[in-house]
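Chains A and B are the protein sequences, given in the same order. When the first sequence is numbered by our numbering, its final residue is 333 and no position is left out of the sequence of numbers. When the second sequence is numbered by our numbering, its final residue is 771 and no position is left out of the sequence of numbers.
The set of hints was computed from the structure by calculation and includes no laboratory data. Errors might be hidden in some of the hints.
[Stated by the list, open to error] Here are a few chain A residues that sit away from chain B, every Cβ distance over 12 Å (derived from the structure):
no.	residue
1	Met21
2	Gly43
3	Thr51
4	Met114
[Stated by the list, open to error] Covered stretches of chain A (chain B as the covering partner; in silico rule of three or more C-beta atoms under 8 Å from a C-beta of chain B):
no.	region
5	201–214
6	218–224
7	274–281
Please read these numbers as outputs of a predicted model, since none were measured by experiment. Idealized CB from N, CA, C, for every residue including glycine.
What follows is each chain in one-letter form.
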Amino acid sequence: MTKRCTILFGLEIVLIFILIMVNMNTGSTDVSLPEVFSILISGGKGDVSSTIILDIRMPRMIAAFVLGGALALSGYLLQSFFHNPIAGPYVLGISSGAKLVVALLMVAAVKYGMVLSSVSMIIAALAGSFLATAFVIMVAKRVHNMSILIVCGVMIGYICSAVTELVVSFASDSNIVNLHTWSLGSFSSISWSQVHTFIPVVIVGLLASVLLSKRIEAFLYGEQYAISLGINVRVFRVILIGVSSLLSATVTAFAGPISFVGIAVPHIIRSTYKTSKPLVIMLASFLGGGAFCLFCDLLARYLFAPTELSISTITAIFGAPIVISLMIKRKRG
Amino acid sequence: MEIRTSGLSVGYHKTPLISDICLSVKQGEIVALIGPNGAGKSTILKTLSGMLEPIDGEIYIDDREIRSIPRNQRAKWISVMMTGRHETEYTTCYEVVSVGRYQFTGIMGTLNAKDHRAICEALELVGAYELRDRDFNKISDGQKQRVLLARALVQEPTILILDEPTSFLDIGYKIEFVETLKKLVKEKQIGVLLSMHELELVRNIADRVICINDHGQVDCIGPVCEVFQTDYIEKLFHMAPGSFQRIYSDINPKKEKAQTIKKSVNSKTRFLMVQGTMSSAGKSLVAAGLCRIFKQDGYRVVPFKSQNMALNSYITEDGLEMGRAQVMQAEAAGVKPSVYMNPILLKPTDDCGSQVIVNGKVIGNMPAREYFQYKTKLIPDILQAVERLEEEADIIVIEGAGSPAEINLKQNDIVNMGMAKLVDAPVVLVGDIDRGGVFAQLLGTLELLEPDERARVKGLIINKFRGDKTILDPGIRMLEERGDIPVAGVIPYMNLHLEDEDSLTERFMRRARGELDICIVRLPHISNFTDFDIFEQIPEVALNYIRSADEIQEADLLILPGSKNTLSDMKWLKESGMETAILKYAAKGKPIIGICGGYQMMGERICDPYGVESGGEIAGLGLLPMETVMEEKKHRRQVQGQIGEVKGLFSGLSGLSYEGYEIHMGVTKPLEKQNLMEFTQEQTGYAMGNLYGTYIHGFFDSQRILQEVVRGIADAKGTNLNLDEVINYRDLKEREYDKLADTMRKHMNIQGIYGMMGLDYDEAGTVTSKN
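This is chain B alone, in the form it adopts within the complex:
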């Protein structure tokens, strides 16, 4: 007999967890499923044993499709032992095992002599005969496991499915269990499909191995000896290279190659790491400036940051997510953004948990504590990303995160000094003088570093300086003396129109008054707020992020931005009184633009039937007759198109072309189309009167759209602005990067920076700066 699948997809609630599974188990062989926790091994086993419906594909038993086989017939062939436990009461082990005779007993379940014999045999086979009269609830986990195996065996199956059968057993019983199983397979010609975490045991008993990776794929199927290569196992389980061998002896003894955790340094590519004394010290901009400087000097530069924690992600052309700061740096470096520049992205979902995105793909939500333990498993991903970048870079500028001196988090660090060690990069440390205490920041940070880490720091940078530098000079001398590390530059405070990274930006705090006020509702889970930075190039426009209801009414344009959690932010709008204020504002006929989450909130209601966010349903603002249903699938893509015929304040937008990207979970559909105008194409946005909504991020980035929007509100207010100087976002940024690079060149010891990387500036200087 053989059980076999073809193109099988398994999962819960019609969502496939693992797709395209093709496996087979024959009588007399043992096949093992291995893979990291949560990969879906149990789900496969449950589906094969009929506990779950297959989502797609077929399961065959001897060429008969499983659905065409009656349930009781299937139960005679296949028996199952799963990990889940059911508490019993007043039940002896003998009784537990006797239930396995279900298919053999009559309607009343009375056991005959043959049944009793089979039960005793099974109990003896697993070495649990002495337990037969004991209460099942009062025996140890290992004993329970053996009794449950007896229960599976008493069914006299041809195929046995076991879910982690050895998990609760001590090493002695593990070995005994494995021996029992081997004996069974040989004597009774049973076929066994099992999942197992103990790779040593798998190697011992399994004939074939099926590896499931945590991206929902069958990674590899094959005989044990072929699959079990140390580096493959390390990759499959996200272990740091070498860590498997340290604990277990090399599973494949023929192969002898001691790998160290430090990456072998490619002699061609140089690294430079920018670390900061605190968040928002200006690391991102300094790194971007360095990227542009090296680019101007003729080097191929790429930015890198191992792990970003930000709400605001960027979607690459392949539809993958990465941090925005590296996108900005890539622009500065003149290269296309790639997820390898930011292999790990954490998007905070609530106060103590984050969505973890590795190489652009969501691998799940994790509480901070769990992630802290987990992250070392991501080192191979980081190194792999670095290797990819090395292929096309002379210099990799690495950005750190936060401060390298967070002594509580230093263990397992993979973003700051841990990262620098991985690739053996020199470090420049950036302090923020604007927030004060820059000497203490720099010296304190150095003080808290380990000696070998401190030795990595080759230069200090004082950032965001305003005023007369001569006053600072004595301080700098003392800093160099006490820190014994040269100051590589004092960079003045710059007002640049470049994208910010963190949610912790000064933007939010700023209150400005301009001729035109654009207010953005600062939702608690606001995301992608850089969509609106483009407005800042117009001096007459004041961009304010508001939190309280009374700030709304002054606005000339109200923007509802994207949200990481639309339902909860909608609730916040209601609770904070913001909703009433927005409705009052809209009733005056003033314009509102909703982007993504904000657009969803403008509708009649938002439903979350699958619990994608918080579950349930909430009424929206009711400004547009639309309804949003959250779906489990995430839509993300880059888009371009033409704005439809719209009326209202921004009728000038009609027919203009837009470019941007979509990233959202929900689908928004109009409830009635009478008054709605198509705003952006393919059902991504609608407008009605002065209310506009769209899913497109980066919508305002085009010069024409920006001009029309600002002109619209200016006309409504009766002011006349000269908008001719408004330029495309892209051109604006190019100008800003050059400005940044020039300023940094002027105030920094660039020769020293090249020196840190072992490059000669004179040689480099032959490629003169373009400006």
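In isolation and in its complexed conformation, chain A is listed as follows:
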């Protein structure tokens, strides 16, 4: 690894640490940093401040970091799959597909009085992701123009969102209120039990990606070259898309669809690290995605407090311009 990469990795970790501190400290109730540390060390005394720190802010932060990282990683895998830096789970409509199926499941659960486990949410999101991904791949086989593919993705996103909205509006049960916040994308109301569910899933995804890194590098030079190196490209592509879907589906299951992280973060990482070694990019993107979501979540909570913005509002403000600049840069679409 080059010196540049080492320094940047160090910077990322410092940044994450600072963001964690600020996140702990900021919110509707002010808890000073020394207080935060004492609560963390003592493990909480059962008062209001400790509950806020331990049961609300901690899981939320972990979610923002881990899920943000997963999203960035998922985006990078999709970009490798399509050989195109503008691919991402949100713009290709994959997140929205996951959202739709999860929403349907939630509404059904409310209607029949079932309690949903986190695992079933992930499975539903995965099913939605696969449906949307299958559609996108089908389109990609017919048209070889990335812009058209993205327009298709955005359209799928709209369709899925529209249906989700419809479902949400008709299911006017009080339990569904959360669903609305969720369907716009939010890290609020993440519980410890959910954290325990998604962390293993994301770790599996991360490990799988790391193990794929050698193949991804060969695949960067084109499908046919990869074949000539002896890679079973068909199997490789299935695994690649599978891991990517698993990661983005997990994010969607817990935090709803979050826009542009998957494109913006790998892009920033590539252009600052100035390398395209998949292993470096993947790890750095994971950290970067975590940092980015911590930062955006902070803004979402803080900017118009006590009103909380949806996380996608913030990520879009930073992410969409990057997508546009990328599209302009790659004139050939």
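Take the given structure of chain A and dock chain B to it, following the hints.
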């Protein structure tokens, strides 16, 4: 180690591009694939390196079938460098090369000391070591090429496959590259299979050469010195004789024979060329008339036209395609049509492109601009065709195309004056007085010709004259004076039932009313419309080509003709409102006959899964429960058979025998057979009620079928026609050719025509005309 193929077919989507490839490459030798662009060299290389599945046949590495060898094992033996480029970002040349170590590194792809050493060695070997830290995207193409070669070498292969490795290199690097490769082969005992366009380099490095021609065949395999004969290379790459040597020195210096582009004239065969001042000036008919006259005088005559542009092709007995005009002329000359009479056929596919057919075989689609550049490569094909014809002809009557004075297209001309020069033929120039301005046409054309071209013109012909010739005479005198070329004849306007050539015929414009109206839908891509000319011999029948929906309802018989692009024409039917009108017409129980493309349109739908035409799927008229699927294979053959038991207006057709030919891409299958009657045999046509469809072109050409069809519609209308005089198409045409010849004899200076060819009429006149 040796890589070897046996009966290998390669291509895309299960369609073989090249078949029956048997080649082998051993360690320590360099084998080169050569051949024109698009012949499929890369496809072979891709298949050998595992990027494409073989379509047929086997590939062996040391007698092990390649499919039984694990992928990673194969990758250790064979490394590949293809032409395609992948853009990289933030990647150094060193990193690019390091990917080649794929099979040597562990699961995380970490490079160890040995890998680093191998990478440095490879970079040094290709002279790219200094580039190692440069961004791969920011180096020149030549440098990239060397880095990619290093990437292939770092795999430590036994067999190296290179696709045009020298294409982007300047001459210095080319030579360096070749030297490097030779060194590698010698030192490391690598076997190399490469494709290359630089024949000088091939001669220098290759031990053996494999030549691929553009008809999808391995043309020749052998040692370089045997294969590299100038004339063979010129043939392989479709170069004009001599053109290779002009640029490159003769690749085989032993052989010294300066060939000029002009053909050596066979003293026995005479040529006469008919050129026109414009399209439809009547060249084809004049040429046909001349063919018949010479035939009557006892000569063996064949017609010729180097290049035809027509939608309407004819299928010879061998299943090859050629222009119809030469078929008609061949009939006039009393010989069998052969593709050599029309070596190049262009069928327009859209406004600016054509399907190019050489010696009866489709060689591909080409935009007009590209063809304009390409066509000189076809000169050897033209000359070869002429040579074949010479063997069995005393006189070859050559027809020009369009006008010889299209000054923008004169360069590279191979149809008009260019053709005349190739065979040193005298020219008669035909002007069309019917469209007016005949003097300007003739003199203007002469004016625009180069002096040597003008000297070729030995006579002028005024064609399609109506009225009193004495009024024309002063004009003719002045024409002869100013043009300094004699007028060889004034041919009167003739109404002949002979086939027309171009889509630009007056037929389409004509609106006639007869006792019986037969309407043919004039599809935008209409083809083979001469199928219906036979009806014109019946005076009571009016044949109209219609374009608008409101013309349909008056018709007594509606014909949907063949189409060059069925899907797009079907779309036109829908958009123009024609579809509704046709359905309304059919609902009244009136008869419809669909031929070929028209037949396909009568079905429920037409699918084009392989993108043969425009791709996709379109609903048909739904008149017959059939479905058509376009296939990549073209069906073309001559057929004969018996019409099945049919009902409806044309039940009289049942059991009659037909003769004709098929030419189409699609396969039409019935969706349900309940109400369908077999119309023509072998699934070529079905009928239901008064709706009839068949793939057979030339279906109406038999006397009996024609009589029954016309009788059918006449009975339905309650008119009584005398159809006894209707004759077979063949007899009809014979009569017409004689009529044409007689008229031309009467109005032309035939002696002068013979004089142009250096023949003495008196001598010829001893064979008197049969009439």
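Hints, verified against the model:
no. : hint    : result
1   : Met21   : 32 Å, holds
2   : Gly43   : 38 Å, holds
3   : Thr51   : 44 Å, holds
4   : Met114  : 43 Å, holds
5   : 201–214 : holds (count 4)
6   : 218–224 : holds (count 5)
7   : 274–281 : holds (count 5)
In terms of the numbered hints stated before, the structure departs from none.
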